[in-house]
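Novice: These protein sequences, in sequence, are chains A and B. Read left to right, the first sequence gives residues 11 to 467 (my numbering). Read left to right, the second sequence gives residues 2 to 266 (my numbering).
Quick caveat, the hints were computed from the structure, so don't treat them as lab data. Treat the hints loosely; a few may be bogus.
[Stated by the list, open to error] Pair by pair, the computed Cβ-Cβ distance ranges are:
1) A/Asn411 - B/Ile232: 41 to 47 Å
2) A/Val30 - B/Ser195: 28 to 34 Å
3) A/Pro316 - B/Asn129: 51 to 57 Å
4) B/Val188 - A/Gly37: 20 to 26 Å
5) B/Trp165 - A/Gln88: 52 to 58 Å
6) A/Asn411 - B/Leu39: 20 to 26 Å
[Said to hold, decoys possible] Here are the simulated DSSO-like pairs of lysine-lysine, each with C-alpha atoms no more than 30 Å apart in a straight line:
7) B/Lys90 - A/Lys17
8) A/Lys147 - B/Lys143
9) A/Lys356 - A/Lys166
10) A/Lys147 - B/Lys193
C-beta: ideal position from N, C-alpha, C; glycine also.
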Amino acid sequence: MRSDINKPVWLGACAAGIAVCAALNQGVLHPLWVRNYAPKNLSVSSGLAPDQMLLALAGFREMVASILWVRADTYFDQGNYDAVLPIIRMVTWLDPKQIDVYSTGMWHIGYNFTDEQSRSDRRYLPSALALGAEGAKNNSETYEMYFETGWMWFHKINDQYDNAVTWFEKASEKSDIPPARRNMLSSAYQRAGQLDKALKLYYDQLNKAEISMKEQLDQVTAFTARQQRDTVEKNLDVFLVRMSQRGNFNADGTATELFDTQPPFDVGFSAEVSVIDAAVLRVRATWNVRPVGTRIRVILRDADYPNGTDAGMDFGASDSVNLDPPKNLTFMQDELFIRNRRADKKMDMSRDPTMYTFSKDKYYLDFYYNPRSAPPHIQDRFGFLGEGMTDKNYLNTTARNGERVIFHRMELTRDMLKREGEWIDKMPILRTPNFIEGSSTRTGEEELIKVPGLLNK
Amino acid sequence: MRAIFNIARTTFGEAVRRKIILIILILGLAFIIITPGLGILSPRSERAAVTSLTLGLIQMTSALLAITLTIYLVPNEIDRRTIYTILCKPVRRYQFIWGKYLGAVATIGLMLLMMTLVLLAVFAFQFNDRGFNAAEAAELAKAPLMFFFQMSLLAAVAMFFSVWTSPIVNFFLTSGTYIAGTVFNGVFETLKESRSTSPILRALSEAVQAILPNFGRFQVQNAAVNPGQVIQSEAVYFGTAIGYALLYIVVMISLASVLFENREV
Numbered sequence: 011m012r013s014d015i016n017k018p019v020w021l022g023a024c025a026a027g028i029a030v031c032a033a034l035n036q037g038v039l040h041p042l043w044v045r046n047y048a049p050k051n052l053s054v055s056s057g058l059a060p061d062q063m064l065l066a067l068a069g070f071r072e073m074v075a076s077i078l079w080v081r082a083d084t085y086f087d088q089g090n091y092d093a094v095l096p097i098i099r100m101v102t103w104l105d106p107k108q109i110d111v112y113s114t115g116m117w118h119i120g121y122n123f124t125d126e127q128s129r130s131d132r133r134y135l136p137s138a139l140a141l142g143a144e145g146a147k148n149n150s151e152t153y154e155m156y157f158e159t160g161w162m163w164f165h166k167i168n169d170q171y172d173n174a175v176t177w178f179e180k181a182s183e184k185s186d187i188p189p190a191r192r193n194m195l196s197s198a199y200q201r202a203g204q205l206d207k208a209l210k211l212y213y214d215q216l217n218k219a220e221i222s223m224k225e226q227l228d229q230v231t232a233f234t235a236r237q238q239r240d241t242v243e244k245n246l247d248v249f250l251v252r253m254s255q256r257g258n259f260n261a262d263g264t265a266t267e268l269f270d271t272q273p274p275f276d277v278g279f280s281a282e283v284s285v286i287d288a289a290v291l292r293v294r295a296t297w298n299v300r301p302v303g304t305r306i307r308v309i310l311r312d313a314d315y316p317n318g319t320d321a322g323m324d325f326g327a328s329d330s331v332n333l334d335p336p337k338n339l340t341f342m343q344d345e346l347f348i349r350n351r352r353a354d355k356k357m358d359m360s361r362d363p364t365m366y367t368f369s370k371d372k373y374y375l376d377f378y379y380n381p382r383s384a385p386p387h388i389q390d391r392f393g394f395l396g397e398g399m400t401d402k403n404y405l406n407t408t409a410r411n412g413e414r415v416i417f418h419r420m421e422l423t424r425d426m427l428k429r430e431g432e433w434i435d436k437m438p439i440l441r442t443p444n445f446i447e448g449s450s451t452r453t454g455e456e457e458l459i460k461v462p463g464l465l466n467k
Numbered sequence: 002m003r004a005i006f007n008i009a010r011t012t013f014g015e016a017v018r019r020k021i022i023l024i025i026l027i028l029g030l031a032f033i034i035i036t037p038g039l040g041i042l043s044p045r046s047e048r049a050a051v052t053s054l055t056l057g058l059i060q061m062t063s064a065l066l067a068i069t070l071t072i073y074l075v076p077n078e079i080d081r082r083t084i085y086t087i088l089c090k091p092v093r094r095y096q097f098i099w100g101k102y103l104g105a106v107a108t109i110g111l112m113l114l115m116m117t118l119v120l121l122a123v124f125a126f127q128f129n130d131r132g133f134n135a136a137e138a139a140e141l142a143k144a145p146l147m148f149f150f151q152m153s154l155l156a157a158v159a160m161f162f163s164v165w166t167s168p169i170v171n172f173f174l175t176s177g178t179y180i181a182g183t184v185f186n187g188v189f190e191t192l193k194e195s196r197s198t199s200p201i202l203r204a205l206s207e208a209v210q211a212i213l214p215n216f217g218r219f220q221v222q223n224a225a226v227n228p229g230q231v232i233q234s235e236a237v238y239f240g241t242a243i244g245y246a247l248l249y250i251v252v253m254i255s256l257a258s259v260l261f262e263n264r265e266v
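Just need the whole structure built from these sequences, with the hints factored in.
Specialist: This is how it looks when you write it as structure tokens:
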């Protein structure tokens with residue numbers, strides 16, 4: 011039986027129906043789907059094999075991400091670190107909820123790319139921090155990536171501690187943060203100079219630990235709670251003693267000669283830099299502090315390094331994860347370890363031409379010492395914030411927004427560093443005016459650690 | 002309506018006895034059952050990986066079932082000439098198309114229900130000690146529910162093609178439409194968002210995405226894979242998506258009916 015339907019009318023109605031569907035799709039469904047159900051990154055990434063791409067687009071993103079991560083582990087075991095980088099990016103693209111990949115990835119980027127003398131490639135740090143920030147944003151329900159990002163500021167960058175505080179504070183706001191990890195915030199407060207907050211947090215932690223200890227019934231959790239209580243109690247005791255010794259409880263807020271940190275101790279910094287061969291430096295320095303534990307940061311970078319600052323760069327300036335940092339930039343960071351009040355170190359950059367390209371004309375060589383990073387036995391004399399430290403030549407309060415640091419900058423040219431042009435047969439030597447030739451020559455005693463004691467003479 | 006119901010019932014009865022359909026179903030169920038074993042690939046995200054994979058398997062199996070089932074419905078009747086015995090009765094052609102379609106949808110619904118029940122049983126067994134409860138089961142079941150409407154729409158598309166193409170051509174046309182509406186959604190989004198895309202290509206991708214049935218809109222499993230997300234206007238979304246599917250189905254089956262009216266059988 012055939013019907014007598016009006017074909018044009020039906021077709022017109024169908025066309026109208028499709029138009030309504032298109033409007034519903036674009037006007038209502040699309041925005042809600044993107045907001046609620048779309049995987050975090052919808053756009054198509056390059057780098058996946060066709061089969062992986064098909065599987066990922068077909069809805070198996072998490073499984074493809076897991077398989078890729080297993081492969082990354084294999085590459086890592088083989089020492090093929092470069093191959094791990096794109097996988098990290100792909101896995102986080104496919105499954106932004108894989109916190110382990112974010113945390114391992116930022117650690118890998120930040121720590122594992124090193125030169126022949128084990129100096130890590132700091133050009134990667136902005137990307138590592140950006141990866142951490144992205145991980146935190148995509149996993150804001152847990153403390154983990156906030157903590158990891160804070161840890162990178164605290165431990166790897168080991169400077170500009172306000173940033174570590176910011177991230178640790180965000181981590182501490184999350185309910186799942188273990189008490190032992192929240193303790194880190196107090197350490198960050200101390201280095202950032204926020205001693206009141208550090209003290210308050212310790213008391214708060216102690217209070218929580220005691221409550222938790224009373225609440226725990228089974229043996230294991232009771233032991234953990236007790237351990238936390240004991241740890242916080244010890245940390246608090248030590249902190250109170252240090253604050254007392256260093257004059258931080260003085261009535262008018264300033265330490266007097268009654269305290270260990272006064273009068274300020276002159277560290278007597280001086281330095282000499284010789285370019286002994288192309289891209290090879292010999293750095294000698296004096297430091298009038300006898301106890302071991304001083305590390306003076308040495309940074310050599312392009313004078314126009316993007317976001318470069320005194321003795322560093324603005325590591326947090328990048329919003330995007332760039333796993334292929336510009337290869338034409340040079341940023342070297344090393345440390346002088348002081349023994350017997352002097353240091354003498356050869357810094358060989360000649361074997362890593364991709365890391366130290368020296369493609370610019372002008373370079374800054376910065377010496378930097380921040381007492382906030384100093385070990386406790388040094389801080390007992392210098393104070394938490396360097397109030398017990400001075401240097402008649404190189405004390406600086408502008409490089410880090412009012413913080414008392416030792417800072418000195420030397421300028422070098424490409425020809426000097428590469429021993430080219432007029433420097434082919436002539437060794438470039440730069441000295442601070444107070445450097446005394448011979449005061450830091452090798453005596454054969456360098457490895458002998460003398461009895462600690464802070465002496466002016 | 003009675004004619005449509007009778008045809009649908011007969012179609013359902015035939016479909017559930019087809020071996021190829023049962024084989025696809027059994028394979029799908031087997032994969033769902035063994036999938037939790039792959040959770041070791043992602044130790045800390047085991048649940049997410051297993052959820053993603055099992056729901057993906059359900060979707061793929063259902064799509065295969067929907068296409069395989071529907072593309073043969075009308076051609077088989079014509080080839081076996083059984084259509085004459087139906088159309089010589091007081092049955093209109095559009096009733097025949099609707100009856101066939103609804104029978105297919107009922108079959109797909111039954112098989113999706115079976116896979117969902119197996120999925121819930123597997124999760125209850127695998128994640129019972131990790132807090133898998135009724136609320137989570139309900140959350141998990143939302144994805145197969147939306148798959149049902151997705152597959153109903155896919156069956157309607159297959160039915161539309163089946164009245165004027167051979168089953169083999171229909172298989173590729175329907176599969177292509179499904180892939181364009183799911184897998185290539187990301188490609189279209191990239192083309193639309195990329196600054197380097199030419200205006201013509203951008204307009205083209207917008208038009209294709211708007212006109213083709215967008216099967217991707219029924220993929221709501223991300224909420225089940227990554228629990229804890231705040232879903233806004235869920236009821237509005239589900240209602241609109243279901244409305245979208247029903248309207249598109251009516252359009253497709255109406256077009257199929259119009260085309261079938263003029264076809265010599």
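Novice: Mind listing which of the numbered hints don't hold for this structure, in increasing order?
Specialist: Structure breaks hint 6 only.
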